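K.L.:
The chain contents come next:
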Amino acid sequence: MAFVIKVNGNSHSVDVDGDTPLLWVLRDVLGMTGTKFGCGAALCGACTVHVDGVATRSCVTPIDSVGSSEITTIEAIGATAAGAKIQKAWLDLEVVQCGYCQSGQIMSASALLASNSHPTDADIDEAMSGNICRCGTYLRIRDAIKQAAQSSGQGG
Amino acid sequence: MAIEHLPSRPGAPEHAGSALSRRRFLQVGVAAGGGLMLGLRLPFAGDARAADADGFEPNAFIRIGGDGQVVLTMPYVEMGQGTYTSIPMLIAEELEVDLPQVRLEHAPPNEKLYANPLLGVQATGNSNAVRGAWRPLREAGATARTMLVAAAAKRWNVDPASCRAQSGEVLHAPTGRRIAYGQLAAEAARMPVPENVALKRPEEFRLIGTPAKRLDTPAKVNGTAVYGIDARPPGVKIATLAQSPVFGGRLKNVDDTAAKAVKGVRQIVRLDDAVAVVADHMGAAKKGLAALVIEWDDGPHAKLSTSQIASELETATLNPGAVAQDTGNTDKAMARAVSKVEAIYEVPFLAHATMEPMNCTVHVREGGCEVWVGSQVMARVQAAAATTAGLPLDKVVVHNHLIGGGFGRRLEADGVIRAVQIAKQVDGPVKVVWTREEDIQHDMYRPYWFDRISAGLDEKGMPVAWNHRFAGSSVIARWLPPAFQNGLDSDTTEGAIDLLYALPNVHVEYVRVEPPGIPTAFWRSVGPSHNVFVTESFMDELAAAAKQDPVAYRLALLDQAPRAKAVLVLAAEKAGWGQRLPDRVGRGVSLQYVFASYLAQVAEVEVSKDGAVRVRRVVCAVDCGTAVNPDTIRAQIQSGVIFGITAALYGEITLKNGRVEQANFDTYQMLRMNEAPAIEVYIVQNSELPGGIGETGTSAIMPAVANAVFAATGKRLRKLPIDPAALKQSP
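Protein chains in written order, with full-length UniProt numbering: chain E, 1 to 156; chain F, 1 to 731.
Looking at chain E on its own, in the form it has when it is part of the complex (with noise of 0.2 angstroms):
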């Protein structure tokens, strides 16, 4: 059946059956391709966007439970004032290597700044231990994340 999914501010009415992952709707259907299919099984986090603000595994979230929740992508994510600014940090502290999970990194690290400004080490490791990185680029995604913290700090 047809569904209309709000994302990054626009509507799409999809057909597809109501148990389809919303990370096929949005790579295949809408092809919005920034988010990653890793492992389907919610368990590396390559797949995160936002529903309502909160960090959601697409890959095990069915597109008959979204209903009219404002999904936002990695595509729109550096309009919202953290997604700027944990954007920002991954590039002052090149982060990336090969990149490929980097925008679950990205959108699970918004979505902790969006909600906590000052995260401990602790708050990270709750945050971001979901999302696997096979380049092993944890140490940076730290402290880029501290750094995107202090310039809320100091800037809102």
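These aren't lab readings, by the way, just hints derived from the structure by calculation.
All figures in this text were calculated on a predicted structure; none of them were measured in a lab.
Cβ atoms here follow ideal geometry from the backbone N, Cα and C, with glycine treated the same way.
Hints may contain errors.
Simulated DEER-style distance windows between Cβ atoms [said to hold, decoys possible]:
#1 E:E126 / F:K213: 27 to 37 angstroms
#2 F:R103 / E:A79: 24 to 34 angstroms
#3 F:K424 / E:S13: 45 to 55 angstroms
#4 F:S490 / E:E70: 52 to 62 angstroms
#5 F:P724 / E:S115: 54 to 64 angstroms
#6 E:E126 / F:D272: 26 to 36 angstroms
#7 E:A2 / F:T654: 43 to 53 angstroms
#8 E:A41 / F:S730: 51 to 61 angstroms
#9 E:S68 / F:A180: 20 to 30 angstroms
Listed below are the simulated DMTMM-like cross-link pairs for lysine to aspartate or glutamate, each with C-alpha atoms no more than 25 angstroms apart in a straight line [what the hints assert, rightly or not]:
#10 F:K252 / F:D297
#11 F:K574 / E:D121
#12 F:K609 / E:E126
Starting from the known structure of chain E, fit chain F onto it as the hints suggest.
P.N.:
Just chain F, lined up with the frame of chain E:
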């Protein structure tokens, strides 16, 4: 790409001390559109073919257009290791342009033209992109700069010596005139090609050695970077597949009634040993696949298990193998030794588990085939697609993409072959995406190796005899057969032979044993990932047998290896070696010379009462010669360390009844943020030839961790991954 060929010139001989015998060639001409074009060759290492070649064929091109943009077409791919930034630095340095002025283009697949000078095939691997390009690209940059300066001097009618190049312009200081490269490019192409160009001395470098910003990063933080899995040719369908769960098995029967009823499912494709579901989107394809009722014929490997493979390897090490090193007289020295230490080591099969699962998009048409993929081996992809599709090579077009993790996995074309087999039965383009489970259970694995090693010690406990024999698969023997000679290849033995230490009598043998049905492949650092674990763990055993400090013991054997000694001293000092640690916390050291770089690591680990190992801190000291991009070197070592800790703590692919037992990240675990140690990287500054860096951290960390566990618990680990049950504190 049109190029007006000018006579080629042989270059001056490579300076003494280089490990590579290079014969330099350069072509200069007018580029299509009127710019300056340089074609250069990155010749093979010690390869007769390069020297014997009748005609000069460039395999990399630098084009300076009328807009001043410098475009480099080069054979290496970006997998996250920073190649796309480090390589342009080499040209920009000598050409005197700023880094953003250099743009990269993927080289099209052509094995003959784009061969990697150290591998001899079009491949990015073996940590050698910077090593291979180091001199040729700087020479090309210097040649182009000289010709641009000559063109400006001619236009102004002044002495070229009174002009200099800076930031993409030629300046004439006495008159203050300046002119951009773009305006000079066409004239420069007609200037005489200088016979000799002087390269900068290291103290004159302005880019090399600076932490340059990675050029590929911005697109990777906003979702616009396009990986192979993101390819979307118009009308593309999505397919996912189930391959015979036992290697070598066949598809017997498929009931697809329920699958065909799934909304969005378009087609079921049957192959000899696999079945694929083609659908409008991956959600439907996966749902369709789950709805298939498949019967397999498991074939000859139906009962295969890891223990069977290990026991075959164990037996193989009882018989002699190919002699990889024979120095002095080991038998005699062993007989005279005061004491003897013997050990058996084993390392497991490992999967790559790149974050981007295997995928390949293919459109097979009447008389042609198009492929969209991210690959480390473009020419192999093209050849594999052509053979599978039954087409001539020139009818196959390959579009390369960013790679979401390589680690050796994308040096193989097995996924391309599979995708073409499926695409041959599909009308229109089809993107074949492996589920994570298929990706892990149908990987090509880092080989399992079994080692017997022994040493004879003198009255002071120092080694006088070293005897090492190991058995396992040779990846090179399959991947590059000519490089496997007399039962040996350079990868399988790297890190096991020609050790840094002063060992008077050394005997090393390798027995090639291919596991039945299990495909093996390169895996970040490959041979060294096994050999360095064995040799550096065993060196630690010798120090313990001699009742000596592991660092002091190694240092006593390094008088002939000053660079190795320097990194070991540096790592130990920075790590606070010798300082007291709490109970069940220990430090372990490792030292290696692989991929032409020296690396010492000190790992600090904590072992809980129930045996869980946590790596708290890792200190690395590296000497990789000239550090082209220090930030990338730090990042690559940090990356290699995390990769290696993952393997040491969790990495293991096992087989039961012919089936891989691991499937996703719950059963094939990765190190996560909360487990990541602090990692410090210290780079020794010098101007030696650059060494490789992308894989070094991985091999060094495994013995460092195992040795630290020994320091913390007194338990020696001779098998990976670490088994927490063996480290449980007795009540």
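K.L.:
So which of those numbered hints doesn't the model satisfy?
P.N.:
Going through the list in order, the structure violates hints 3, 5, 6, 8 and 9 and respects the others.
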